[in-house]
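Engineer: Take a look at the letters that make up each chain.
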Amino acid sequence: MADEGDDGVIDQMEENSNKKTTYFVVDGSKRMFEDDPSGEPYGKDCSFARAINAIYSFCVRLCVTEEALRHLVGVLVVNTTFTETDPEIAMGAENMKHIFPIGVLDKERVLELEGLVNGGDLENLFAELFGGHTTCNYQKMASYSKLNISYSSGTARRFTSWVHFTNQVNPFGENFKNHDEYRRMLRNLHDIEGRKPNELDTLRRPLRGKCSIFVLGDSNKLDDSDLTMWRTVDEDADIYDKDFETLIFKRTGALRAHSIVPFSLGPNLEFNVAVYSVIGQKTKPTPFAVHAKTGLPIKSVTTYKAEDDGQEEEQKDGALQDNSMLPPPGVPLQRHQLSNVRNVGGVKVVISQGERDLFYRYPKGLRLIEFCPLSKIDLWEHVRVPLSIRPHEMVHTGATSLYSHLFERMKKRQIAAICEYTGRANQKPRNVAIIPNEEQDPQEGLHEGLIVVELHDADDKLDIEKAFEEKLAPTEGEIWPAVNKKFVEAAKNLSTSIRKNKFTPTAYPNPHLQAFYTMLKREANLETPDNTSEKWKEAMVNEWDQIKPWFENSAIPASRIQKAQSAAQVFEEVGASATIKKPTPKRQKDDDEEKPAKKSKSDDNDGVNLKKLAQGGKLGSLTVALLKEYAGANKINFGSAKKKDDLIAAISTHYGI
Amino acid sequence: MPRKKVVDKGEASPAAAKRKTTKTKPDNANVIVIDAGRNMEGEPFHDTIQTVEWLLTRKIMRSKSDADRKTAGGMDLFGIVVFGCDETDNPLGTEGVLAKEEVLQMATFDQMRFLSELSPSQKTYGDYAQGLIVALDWLKRRLEDGGDFDKKNLILFTNALGNRDRPTHRTALEVIASVLAAMDVELHVVGLTDPPESHSVTELKEFVAENGGSTYDYSNVGKLISKLSAYQQLTRLNYFQLEIAKDIKLNFKCINYISKARSDKEERMRAVDPRTLKAVHRQRHLFTVEETSKEDGASGDGGQGGPSAGSSSYGFGAFRPTGPNGAAKDNGFKKEEAMDEGEGEGTQQQQEYTYTQVNPEDKAYGYVFGSSKLIMDKETKDSYNLSFNYNRSSVFQLICTVPENAIHPQYMAGTETRVFVPDTRKGAQPAAGAFVEGLLEAKAVAIVRFAFNAIAQPTLVALKPRIHPEYNTPMLYGIRLPFADDIRHTMFPPLEKIDPIKSIEKLDLIDELIDNFMAEGEGALSNSHRQREAYLKRNQLIFEKVGVRTSVIKAGERELTETQKNIIEHVRREFPIVDYKAMKAAERENERQRVAEVDVDALLAGNEEEEEQEDLKPMKADLDAKIAKSAGDEKKGMSLFLKEQFAHIIVNASDSPEEINLNKLQFARSWCIRTAEPKLFNDLMGKLRNLDDIKEWAARCTNPALRPITTVECEKSEVNEEKAKKWWIDDEDDDDDDF
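Which chain is which? The protein sequence lines are G and D, in order. The first sequence maps to residues 1 to 657 in the UniProt record's numbering. The second sequence maps to residues 1 to 739 in the UniProt record's numbering.
Honestly, the hints are just simulated from the structure, not real lab data. Ideal Cβ placement from N, Cα and C applies to all residues, glycine included. Misleading hints may appear alongside valid ones.
For lysine to aspartate or glutamate, the following DMTMM-like pairs were computed, each having C-alpha atoms within a straight-line distance of at most 25 angstroms [claimed, not checked]:
#1 G:44 / G:357
#2 G:521 / D:485
#3 G:412 / G:454
#4 D:545 / G:357
#5 D:278 / D:544
#6 G:299 / G:454
#7 G:500 / D:243
#8 D:381 / G:108
#9 G:521 / D:499
#10 G:411 / D:499
Here are some, though not all, of the chain G residues that point toward chain D, as calculated from beta-carbon distances under 8 angstroms [unchecked claim]:
#11 143
#12 240
#13 244
#14 406
#15 448
#16 505
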């Protein structure tokens, strides 16, 4: 039995391994319920309710984005009358109780939180669940948290966040540093963070956790001096009265490096850097499949069958001689049993699956080719989402110093490093520019440091001359005509009136994803769908779609809207709104040649005067298809002529030129 | 078609022949004319061969799918003419000129082999006029054979120094110019020195300029190669309207200007049956797996009559479910070769699961919400899958404008850059062009909501105004921007804090490094340099399999100058990078040796009155109490474990108590509480209290692993709460009472 128990623990540890952990500790003391702005205790906006609300939002957001599968979450309420602790690790910890212990989130856990958020009478609810209010020992709170995290997080733990919500600014008094309970609490919290006694070493190696303190209260009544004690625990501790939900994500966020690669500056000079993708396109997850009737999960297996299988075939060059490892003829093959063929250079090259793996294996790393001024790189001609690189000290020490000196100088001199980059062994080598970035706004995805921007290859870019001379040239004349200054001024005015100082991605949620998240919340019974009204979908679409053009955006002041409208009016006056015909599917398919929209025979304003073109000797500039079209439209008989010269001759003859 | 007779496109499979019936565009003819005279000896010839090899390599590796041919134009066909060489073989009988092939053909490995065997002549000097005449004659013959080509290019590789001491071929050049014009052939010359070394170089340059050709040196030859690529002709135009205000729309045409997808095309391979090299087609089988026992024999709905586990007809043999935990993991199928060996055992295991084939119609979908599974019908799922483009086609709407520098490079998401140019067909160009100029004057970038077509989901796009310096084209560069959901939240410690020490000397050293590795001219930004290395790496295996060794393969190796080597060495000295793992491994090895040398028994005897008299060499002692547990005596196992911990503390941690493995102590502590053996643990705590350094440290350390087990935690303990509190703090009085 003992063995079985051990196995169970080991299984759980394995399951919980390699996951992030976030442990919320909420102060359940009476003062957390007494600070509702309305003055009424146990109100909807008291600190406790706000803390639970924030945790609830955090959990829901984790669950809908699938992140929850890689994340362990637990919520502990301290300063409660009831004590419900694990005796094995309690070590005398009292007056604390879990809403739910550390584990992977599921529907039930989120519903438990939802019960607290929307349960109504908070006073009775709290009394029922937690007995009432009292005071616990802070050292015990910290040590119990630490042990809980370490016992629940499995063998390999990823980033751990300990988040404490309280409105008690300093329970230890002014002379807190000499307070034994404080010192012991601090040590326990440092243990959670994996902080080493040597601070520099601690900073050089990434901490394995972060303790965050959210002091809830009125920022008008409290100031920085009130946070002296908590800032010794968390230097980012601050007072929050509202809108701190997204901050929790920021504080608990710790990206896993996309890759850790050596950055080679030259022979025998390389240091390790961790590559992070701070911005990445988020898409809907792939649904899993189940059997509609039985509810069992559906698995799929892909097999491969040769075309015309069964016929006797002579042995070809490069075909496998020894078939003993393969199933008999007629039996489908698995992917790893296949070979690959490339017809290149007049030779049929056969590559087995093993060789193919080798084919896609390149040495990982960033290799410096040379430096160049930043101004030489056109960042608008990019081909991939940029990545961030940070020094990584776990394999080699000393990387940070070289990295930061390099960054300092590249920043000052506005220099970029051109490198070859292979992020993972199976990625093709890419040419990248490493550029320095000094802007810092983690909430908007900006971090000070070096950024990897992928450069395009020659093949990626269109033949510029061909594009501009042929495809993007104006239809008539070779030079773009000068534009009317009146329009330019109007465009300038329009631009100024709707101008923002900064582009902030967080202002633009993806509507498609918001709809998906709503669906999940509803299916998990967290939101009741209001399908009774026929217009619910319309209302929802409005709610989900926050990317409004300026003329539909109610957040822009009316005066600016008016200014923009009057500027835009200039364009309307000249009929700029003239619309083009929608390209027909046929033309979209075969659209390697630019063609003017098809005109009716009677349309004389199409801008193409065949006679004039013929007289000017410019028929050669038209394509064969156009020549035929216009000739047909002008009832010119060109017989069975297919060649351009014949068509031109026919048209010229028609006009007597 | 007569063209088929003269154009050899390699082995044509029946499938390929079938594809030829689809409408494809005429091919392009490229004649490579190489100067192999004595004047090219050394670097010029080496660079020439490298460039030609690279040009051919790109074509060899290029994907030639039917779709490509339809959209991107025809294929690039090549012929090679060498002049200034010792051999003579050409229809005109011109001495020292070799026309390699009889037909224009797609780039082949044979051509690569021919190039690798080519070397400059030791006696003959190359006369480019002769080379051009033979090349044009050769091309003319191919045309007469019935060739129909879209573009005709003559690519001449020469330094023109072979003509240095010869009189000018006025007449010959005039003839060449007239033939070039008559045949509509474009001339490209690579390798002319700048500034010209001789009048012959100047003469050739002038000739090229007069005849609408282009000259390149080896560093910017990438431009030529890019220009010659048939794929570059893929220029699909799309038409969009920019709604700058309510119902005020400007017409633009759009071209996909830069896209990573293009160079990725080359990697296409065809999966084949390894026995017959025939193409294979994919078959997807859906099934459910149900765990059943032999007794009840249940098999799910059973109505589908699906195959049992290991059924070879579906190829399930190599798969088996991951077991009960597998259900929690989505798509949790692991490949295991469990079924092939040991039939008896395999059969038993197979019988535990029932595989039932599923009709695609019976498939329902679900998503996870945390670890809960939400299964929903298609109707519900689809009701939220809305088009936010409201069925409007190809419209983008102006959201706001921001200053130019507000679009941070980090926000440049997406994998392509589009160029929008005013559409002139309906007279809207003046307004659209003015809008671009207005943005330019306001130094602004437009943020727009963009949807490619009626059913596409909207995206955020930044439009940067530009005027093309050469063509005066007003245009908007469009790149995708991230949504709020695309930002991944994280915190990095500020660099200032991580590495605050910045000595001026070290910064100067970095300056020196930058200066020494600074690009000259276009440098690595030149496509030629970058592409060559990437191509060779990607296709090295192919070259090796075919047995072609080219100079291109060596191109990736970078040679550093002496100064560069010195500066690298200097930086290495000033910024020492130490292999942390090796350092720690060495430390651990030292530690092991130290521990092995210590006589633990003697140490224990010296510290305490009595201990169990076993041979307790720590490294021999079992680290894991479970081993002792398996021997049947758990208490003894724990006792050994604790002794070993003590020995380690004495040896390793008496000077630096931070090295104590608190996790192991905590494990032991919990075990002692659970098994009601507090004395085992408290004895160790007592011993540690005798070590001054440890005691002093433990008094400050709040880790519960260092706290003796109290009567509250275990009734058997002899230490009460009060005593435990003073365990490390109280100096002398209580020590002897406990132990």
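Engineer: Against this structure, judge whether each hint is valid.
Structural biologist: To see whether the hints hold, each was checked on the structure:
Between the alpha carbons of residue 44 (chain G) and residue 357 (chain G) the distance comes to roughly 59 angstroms, so the proposed pair goes past 25 angstroms and is violated. Proposed proximity of residue 521 (chain G) and residue 485 (chain D) is supported: the alpha carbons are some 17 angstroms apart, at most 25 angstroms. Taken as a hint, the residue 412 (chain G) and residue 454 (chain G) pair is honoured in the structure, with Cα atoms around 22 angstroms apart against an allowance of 25 angstroms. As the CA atoms of residue 545 (chain D) and residue 357 (chain G) are separated by approximately 15 angstroms, the hinted pair is consistent with the 25 angstroms bound.
With a CA separation close to 23 angstroms, the supplied pair residue 278 (chain D) and residue 544 (chain D) stays within the 25 angstroms bound. This hinted pair does not check out: residue 299 (chain G) and residue 454 (chain G) have alpha carbons roughly 38 angstroms apart, beyond 25 angstroms. With a C-alpha separation of about 19 angstroms, the suggested pairing of residue 500 (chain G) with residue 243 (chain D) holds against the 25 angstroms cut-off. In summary, the hint linking residue 381 (chain D) to residue 108 (chain G) is supported, as the alpha carbons are separated by about 22 angstroms, within the 25 angstroms threshold.
Pair hint residue 521 (chain G) plus residue 499 (chain D) does not hold up; C-alpha atoms about 45 angstroms apart against a cutoff of 25 angstroms. Restraint check for residue 411 (chain G) and residue 499 (chain D): satisfied, since their Cα atoms lie roughly 16 angstroms apart, inside the 25 angstroms limit. With its C-beta approaching chain D no nearer than about 5 angstroms, residue 143 (chain G) sits inside the 8 angstroms limit, and its interface hint holds. Hint status for residue 240 (chain G) relative to chain D: violated, with the closest Cβ pair at about 17 angstroms, above 8 angstroms.
Residue-level restraint check for residue 244 (chain G) is violated (minimum Cβ-Cβ distance to chain D is 13 angstroms; threshold 8 angstroms). Given hint, residue 406 (chain G) at the interface with chain D, holds; its Cβ is 6 angstroms from that chain's nearest Cβ, closer than 8 angstroms. For residue 448 (chain G), the interface hint holds, the least distance from its beta-carbon to any beta-carbon of chain D being 6 angstroms, beneath 8 angstroms. Here the hint on residue 505 (chain G) is kept, as its CB sits about 5 angstroms from the closest CB of chain D, short of 8 angstroms.
Against the hints set out earlier in the document, violations occur for numbers 1, 6, 9, 12, 13.
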